[in-house]
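**Student:** Spelled out from the first residue to the last, the chains are:
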Amino acid sequence: MSALSLFYAGISYAGAVVFFGGLAYKLIGYALTPSPLKIPLTPQPASAAGVAWKAVGSILSFRALWNGDRWTWVGGYGLHLVLVFVFIRHLRLFLSPVPWPLADVQPFALLIGALLPLPLVYLMARRAAVDRYRQISSGADYFALALLLLIGLSGLSLKFLFHADVVGIKEFLLGLMLLSPVEVPEHPAFLVHFSLVLVLGFYFPFSKLIHAGGVLLSPTTMQADDAPDVRHVNPWGGQ
Amino acid sequence: MAKEKFEIPSLEDALDTPPVRKGASGHLKIHPAPPQMMEKLGFPPALVEGWQKKAVDKLGELKEKYKSLKMFMEVCVKCGSCADKCHYFLGTGDPNNMPVGRQELMRKVYRKNFTAGGALFGGFARAGDMDEAALKDWTTYFYQCSQCRRCSVFCPFGIDTAEITMAAREIMDSVGAGHKYSLEVIAKVHDVGNNLGIPKPALSSTLEFLEEDVKEATGADVKFPVDAEGAEVLMITPSADFFSSPHVDSLVGYAKVFHAAGISWTFSSYASEFANFGMFIGNYAQMKKIAERIATVARDLGVKRIIVGECGHAWRVAYGFWDTLVGPFDTLEVKRPVHVCEFTNDLIKRGALKFDKTANDGFTVTYHDSCNVARASRMGESPEGQFDIPREVLKAACNKYVEMPDSVNREKTFCCGGGGGLLTDELMELRVKGAAPKTAALKRMMDEKGVNMMAMICAICKAQFTKVLPYYDIPMEVVGGVHQLVSNAIILGDK
Ligand code: SF4
Ligand code: SF4
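Those sequence lines, one after another, are chains A and B.
For what it's worth, numbering that gives the first Met the number 0 labels the leading residue of the first sequence as 0, then goes sequentially.
For what it's worth, numbering that gives the first Met the number 0 labels the leading residue of the second sequence as 0, then goes sequentially.
Mixed in with the good hints, there may be bad ones.
[What the hints assert, rightly or not] Okay, derived cross-link-like pairs now, BS3-like style, lysine-lysine, Cα gap no bigger than 27 Å in a straight line: (1) B:K64 - A:K207; (2) A:K37 - B:K334; (3) A:K53 - B:K69; (4) B:K442 - B:K4; (5) A:K207 - B:K287; (6) A:K207 - B:K57; (7) A:K37 - B:K466; (8) A:K37 - B:K64; (9) B:K303 - B:K399; (10) A:K207 - B:K21; (11) A:K53 - B:K411; (12) A:K207 - B:K399; (13) A:K37 - B:K411; (14) B:K288 - A:K37; (15) B:K21 - A:K37; (16) A:K37 - B:K57; (17) B:K287 - A:K37; (18) B:K394 - A:K37; (19) B:K448 - A:K207; (20) B:K448 - B:K394.
[Claimed, not checked] For each label pair, taking beta carbons as the anchor points, the in silico distance ranges come out as: (21) B:E60 - A:Y141: 31 to 39 Å; (22) B:T357 - A:V232: 48 to 56 Å; (23) B:E60 - A:G9: 52 to 60 Å; (24) A:L31 - B:D387: 34 to 42 Å; (25) A:P96 - B:E60: 47 to 55 Å; (26) A:V104 - B:F123: 38 to 46 Å.
These aren't lab readings, by the way, just hints derived from the structure by calculation.
Here the structure is a predicted model, which is why all the values come from computation and not from measurement.
For glycine and all other residues, C-beta sits at the position ideal for the given N, C-alpha and C.
Chain A on its own, in the form it takes in the complex:
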């Protein structure tokens, strides 16, 4: 195997370990940190099922953001929606054979996924243009958007600019997944795209991007309003 392929195989595995391990480490860490007191944000359902149902609605609609800032909602919701399609578009590279519904939606997923730069540029501009957002935005906030933008642009270039060999890429990815790495496609645009994704993988669990998992564990939105009925004990409360 070429030195380049060895390098990419190694760094890919490291990236996977850091990404999945980091994600698990952070989320399990959150889950294990005690909640000394019940602090649901009311009004809130009294049952776990009610809370779960409400959470599904909140996550699918970005309800709080919709109520809080509609212009940011447009960008934020748009971004996440497009990312779902980008994900669907990429799944075909990891599955062999590609199951039929997935195969059929590919053209549509490409159409929506290709819009990725729009919400990113919009959100960056919004950060810079509105005085409140300019105030709270740090380099790291722009970095997260810029990284996604570069990933998106390099990815799109593979499709529209420097035609990449999809079969070769798929072989490479499947090889990694099946733990028998093959040569990495030596296509410069692909290497740029793939490297940036690895950067994202290393960065994700230890940045604000962890919000993706955090949304499921937040005590204010995920605790049931059951204080009158269910005794809650503070593990460090003493007696």
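Once you've looked at the hints, dock chain B with the ligands against the given chain A.
**Tutor:** The following block gives chain B with the ligands in isolation, referenced to the frame of chain A:
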């Protein structure tokens, strides 16, 4: 109104997002707690040697004790949805009063000390040391948050700045920088049993006086018992209800409801305080110690249930925290505290109370949702009971009732501007400015609907509004309690 050194916000645009004005409220200073007071509550008397590191260590300790703190430090995406939802930002325009701006004051230190990105790329990630400048920001802006949770409503992750403010105050107290107001109040509870420092003889004579007063006005023998053995109900109310106006009118209302329903009840001189300022300073041990007095009395007196009076944050503590702090209340028949509005509303529903609503015909009434009731508790069985039950009581007692607009009502209500341990004179400018959004809504109701009574169920809201409304040329008489209106209209039977 007396000339003030600060500008009173215009009510015209008080509900609109203001432009960012850096440092607009940076000059506001709290009075530090004197050394003996700090020591009395178990804190170092003054800023300790090496406080920078000790503060960081404390932050590290708290983040492992509170899931809320750890997650809220890490999951904010800085979307800005919360930015213009805080009454103190609307009133001052100071970016550190944007909820996310306030959080960032702590996050800076958190990033630097507890995240790889912050440690490696300080400025880029906006990480910073715990130093003089940081402490100055903390002692300023964590005393410009009333822990009202309004920001949390608009946050996609439910990030509750109140949790962060509480932690910040706990950290500051632990290194010897405390706020006089809350600590003084807590010290009085430990010494005398209530926030105002009212000893038993004064309490008894006030209650006797009220008995005579009510007798004179109504002819009925309404009792105001204290430390009565064998009573069915222990009544716990904020001590402001005994001495402040208009609070006391609601206290009379509670007594009349008990009288009309024929239920035996008593106050306690040992636990003559419902408020629990331990929450405001984020100190679990203090919160527990303060609540303990009530649990002890309930057991000693052998009451069947505890009913609590009109107080917002204290209802949160009672409803959500008491059982965890000092429970279980096994000796009680009703194991959870009952809010006086729940109690009165049940009696109304059962037809046990009669009203002459015309007694309130001089009032066009609206209702102010107090933050801790609205966003941190419930009443009754339905998830919106905390909104509906006080309104049902009001509608039973008054003919003319109108609602505030949705944008400032129910879970979106604005804080009065004086909650969370900020009800102190040195912060008057902040209190006046922070009251602007809700006052603007009230003013509109007064002009358009003829409202002349804003009823509420929080002792702090009452004290704050009676004090700040005159700055806006609104008479303090528009402030009242729900049970004050009950008191006006209730027909006292011969039970
Ligand atoms: S709404 Fe929540 S996530 Fe958005 S900036 Fe405010 S605290 Fe952060
Ligand atoms: S809790 Fe209330 S006072 Fe504190 S930052 Fe949030 S909105 Fe402002």
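**Student:** Just to be careful, I want the Cα atoms of A:K37 and B:K334 compared with a cutoff of 27 Å; is the pair within it?
**Tutor:** Between A:K37 and B:K334 the Cα gap is close to 17 Å, so the pair holds against 27 Å.
**Student:** B:K442 and B:K4: Cα distance at most 27 Å?
**Tutor:** The hint holds at about 23 Å.
**Student:** Below or equal to 27 Å on CA atoms is what counts here, so check B:K448 against A:K207.
**Tutor:** violated, 47 Å
**Student:** For a C-alpha distance cap of 27 Å, please report whether A:K207 and B:K21 respect it.
**Tutor:** Within the cut-off at roughly 25 Å; holds.
**Student:** Would the hint linking B:K287 and A:K37 be met if the CA-CA limit is 27 Å?
**Tutor:** holds, 14 Å
**Student:** Take the C-beta atom of A:L31 and the C-beta atom of B:D387, compute their distance, and say whether it sits inside 34 to 42 Å.
**Tutor:** Given range 34 to 42 Å: holds, Cβ gap about 38 Å.
**Student:** For the pair supplied as a hint, B:K64 and A:K207, confirm whether the alpha-carbon distance does not exceed 27 Å.
**Tutor:** holds, 21 Å
**Student:** Is 47 to 55 Å right for how far apart the beta carbons of A:P96 and B:E60 are?
**Tutor:** Because 54 Å falls inside the window, the suggested range holds.
**Student:** When you check the alpha-carbon spacing of B:K21 and A:K37, does it fall within 27 Å?
**Tutor:** Judged against 27 Å, a Cα distance of about 36 Å means the pair is violated.
**Student:** Between A:K37 and B:K64, does the CA-CA distance stay at or below 27 Å?
**Tutor:** holds, 13 Å
**Student:** Taking only the CA atoms, is the gap from A:K37 to B:K466 under or equal to 27 Å?
**Tutor:** Status violated; Cα separation ~33 Å.
**Student:** Is the hinted range of 48 to 56 Å satisfied by the C-beta distance from B:T357 to A:V232?
**Tutor:** Check passed, 51 Å falls within 48 to 56 Å.
This entry does not satisfy hints 5, 7, 9, 12, 15, 18, 19 and 23, going by the numbered hints stated previously.
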